[in-house]
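Colleague: Sequence:
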Amino acid sequence: MYIVTNRTKKILYNFGIATILIGFVLAFAIAYYWGYSISLYKGYERNWPYSIGLFLGSCFSSTILGLLLMAASEALETLEAICNNIANLEPNQPGKVTEGNSESNNSTYNLFTIANSENTPNLSSGSWICPDCEKVNHSFDQTCSYCGAKKK
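Just so you know, we're using the working numbering here: the sequence shown kicks off at 1 and counts up by one.
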């Protein structure tokens, strides 16, 4: 499994910024050198609408490419955070069940059901529990999605 380092993310982010900046400089060069029309009687003459179109098109395409690289950097950072969270989780496996010891079977079963029940709040950042019905709601909800009580 390939581990993405902070260096890789910074390289992608900096490469995205450099692509945008170099793209703007090259947009000026492209508009300057390719913005001429060849006329039979006047020789080379600047075609301003064509030059401006070349400049804006070059700026737009380099900006899009740079933003894609910066978004890839953010995606790698988020992916790394998700992988770290998954690595820190413990598998949900009940203990060994033995036939002769019913007391240990019940206690193992009870611990397993308590840990995996819907009543155990699994609060993510900013989530809140309704005081009336004790359901977990998203942080952006102002009222309970189950009973309609307001967030306190």
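Think of the hints as simulated: they come from the structure by calculation, not from any bench. Be a bit skeptical, because a hint or two may be false.
[Unchecked claim] Here are the computed lysine-lysine pairs in the DSSO-like style, where the Cα-Cα straight-line distance is at most 30 Å: (1) Lys135 x Lys152; (2) Lys135 x Lys150; (3) Lys135 x Lys151.
[Claimed, not checked] Estimated spans, in silico, between C-beta atoms of each pair: (4) Phe140 x Ile17: 27 to 33 Å; (5) Asn6 x Ile64: 22 to 28 Å; (6) Ile64 x Cys133: 31 to 37 Å; (7) Ile129 x Phe15: 27 to 33 Å; (8) Asn85 x Ile129: 20 to 26 Å; (9) Cys133 x Ala72: 40 to 46 Å; (10) Leu65 x Thr8: 16 to 22 Å; (11) Lys135 x Leu21: 47 to 53 Å; (12) Asn47 x Phe140: 22 to 28 Å; (13) Phe60 x Lys152: 30 to 36 Å; (14) Phe28 x Glu74: 24 to 30 Å; (15) Arg7 x Ile82: 48 to 54 Å; (16) Ala29 x Ala71: 22 to 28 Å; (17) Glu77 x Gly148: 35 to 41 Å.
Note that this is a predicted model, so its numbers are computed, not measured. Glycine residues also receive a C-beta, built at the ideal position from the N, C-alpha and C atoms.
Colleague: Does each hint hold? Answer for all of them.
Modeller: Here's how the hints hold up against the structure:
{"no.": "1", "hint": "Lys135 x Lys152", "verdict": "holds, 14 Å"}
{"no.": "2", "hint": "Lys135 x Lys150", "verdict": "holds, 12 Å"}
{"no.": "3", "hint": "Lys135 x Lys151", "verdict": "holds, 12 Å"}
{"no.": "4", "hint": "Phe140 x Ile17: 27 to 33 Å", "verdict": "holds, 31 Å"}
{"no.": "5", "hint": "Asn6 x Ile64: 22 to 28 Å", "verdict": "holds, 25 Å"}
{"no.": "6", "hint": "Ile64 x Cys133: 31 to 37 Å", "verdict": "violated, 47 Å"}
{"no.": "7", "hint": "Ile129 x Phe15: 27 to 33 Å", "verdict": "violated, 44 Å"}
{"no.": "8", "hint": "Asn85 x Ile129: 20 to 26 Å", "verdict": "holds, 22 Å"}
{"no.": "9", "hint": "Cys133 x Ala72: 40 to 46 Å", "verdict": "holds, 42 Å"}
{"no.": "10", "hint": "Leu65 x Thr8: 16 to 22 Å", "verdict": "holds, 18 Å"}
{"no.": "11", "hint": "Lys135 x Leu21: 47 to 53 Å", "verdict": "holds, 50 Å"}
{"no.": "12", "hint": "Asn47 x Phe140: 22 to 28 Å", "verdict": "violated, 52 Å"}
{"no.": "13", "hint": "Phe60 x Lys152: 30 to 36 Å", "verdict": "violated, 48 Å"}
{"no.": "14", "hint": "Phe28 x Glu74: 24 to 30 Å", "verdict": "holds, 29 Å"}
{"no.": "15", "hint": "Arg7 x Ile82: 48 to 54 Å", "verdict": "violated, 20 Å"}
{"no.": "16", "hint": "Ala29 x Ala71: 22 to 28 Å", "verdict": "holds, 27 Å"}
{"no.": "17", "hint": "Glu77 x Gly148: 35 to 41 Å", "verdict": "holds, 38 Å"}
Checked against the numbered hints given earlier, this structure breaks hints 6, 7, 12, 13 and 15; the rest are met.
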